[in-house]
Amino acid sequence: MQTTIATRVEPGSFFDLDRADPALTRLREEGTHWAMPFALMENLVQSGTPYAEHARTLRSEAVNVAGAAFDWLDAALPVEIAGEINLTDYEIAEHTDDRRTALSQALQRLAAVHPDGFARVREFVRSLLWVGLRPGVRTSSLTSSSDPALPYVVVFSDKARHHIPPNTVSPEPSPLFLAENLLHEGTHQSVSFHVLQHQVFADGYSSQTSPKIEIAWRAGQGVARNQFWEIDRTFHATCVYNQLLRFRRTELDRDDLSADERASFQAAYDEGLPAVRYLMRELELLGEYFSPHGVELLADLRRQTDQL
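Here our numbering is used: the first residue of the sequence shown is 9, the next is one more, and so on.
One should not assume that every hint holds.
To be verified - Okay, derived cross-link-like pairs now, SDA-like style, lysine to any residue, Cα gap no bigger than 25 Å in a straight line:
| # | residue 1 | residue 2 |
| --- | --- | --- |
| 1 | K167 | K220 |
| 2 | K167 | I93 |
| 3 | K220 | P174 |
| 4 | K167 | P179 |
| 5 | K167 | E292 |
| 6 | K167 | A101 |
| 7 | K167 | T258 |
| 8 | K220 | T104 |
| 9 | K167 | L141 |
| 10 | K220 | D308 |
| 11 | K167 | A283 |
| 12 | K167 | S178 |
| 13 | K167 | S149 |
| 14 | K220 | R130 |
| 15 | K167 | H202 |
| 16 | K220 | Q235 |
| 17 | K220 | H202 |
| 18 | K220 | E269 |
Just so you know, the hints here were simulated from the structure itself, not pulled from any lab data. All values reported here derive from a predicted model rather than from experimental measurement.
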């Protein structure tokens, strides 16, 4: 399967956690490996906040699946980190047997049924941050999220076991829905890595001044930012949709889904296919905002979209 973006972290690059960097080396030697992504965040954000030092107060429970090791973070979420990645309304969810089982089953499903997707997740995801709303907070919970400022870390809540964004909600929890949400955020991280290391957009491109693409299926959300997307956000979404539609198609072709899982994946697939085709057309109309490398990526993304 062709890919629009790199599927491997380049050795020796900024994102290579094994490179000979003093901060990364110290964290490795001290056994606080889970803090390494936060050391990268210090360089990306450049706020002067020692995020890695704050992250050292976290704990890590290892989740080992198919030869890959993930850090499932625990303890109190430092306020300095929560504020930077818009998690001030959240706290780290308790590690329970039920959540542990769901997480293992989701990753095992990716490894066994979606090896390309699992390879992407194991390459671009190191830390898992399962969160829940703080007591007394009255707002809708996130399903899953990731932030380009914090490489290798994906955030999700209990909702990720029920919700296939944007609009499919199941009354029954399933590790398959969690698997999709993990792949969703792992793909976002891989796109972020690529965009930060390669010139994808034309000289002078700015999200602040970017032309906006109308997203009709978000019209009911009441938030202007969700109804009109910048070019870079649309590019991210188109890359992600291409991965997730393949995931859904593979699941629908299997015979081990429950009736609820099948109905949910079918609804999500039927909604996602016209959405990705629309986003692809809109991006091609705005090709002038891409670099020569970005135009090549668009052509590859078109080939992927046509194969769906």
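Worksheet item: For this structure, which hints from the list above don't hold up?
Response: 1, 5, 8, 14, 15, 18
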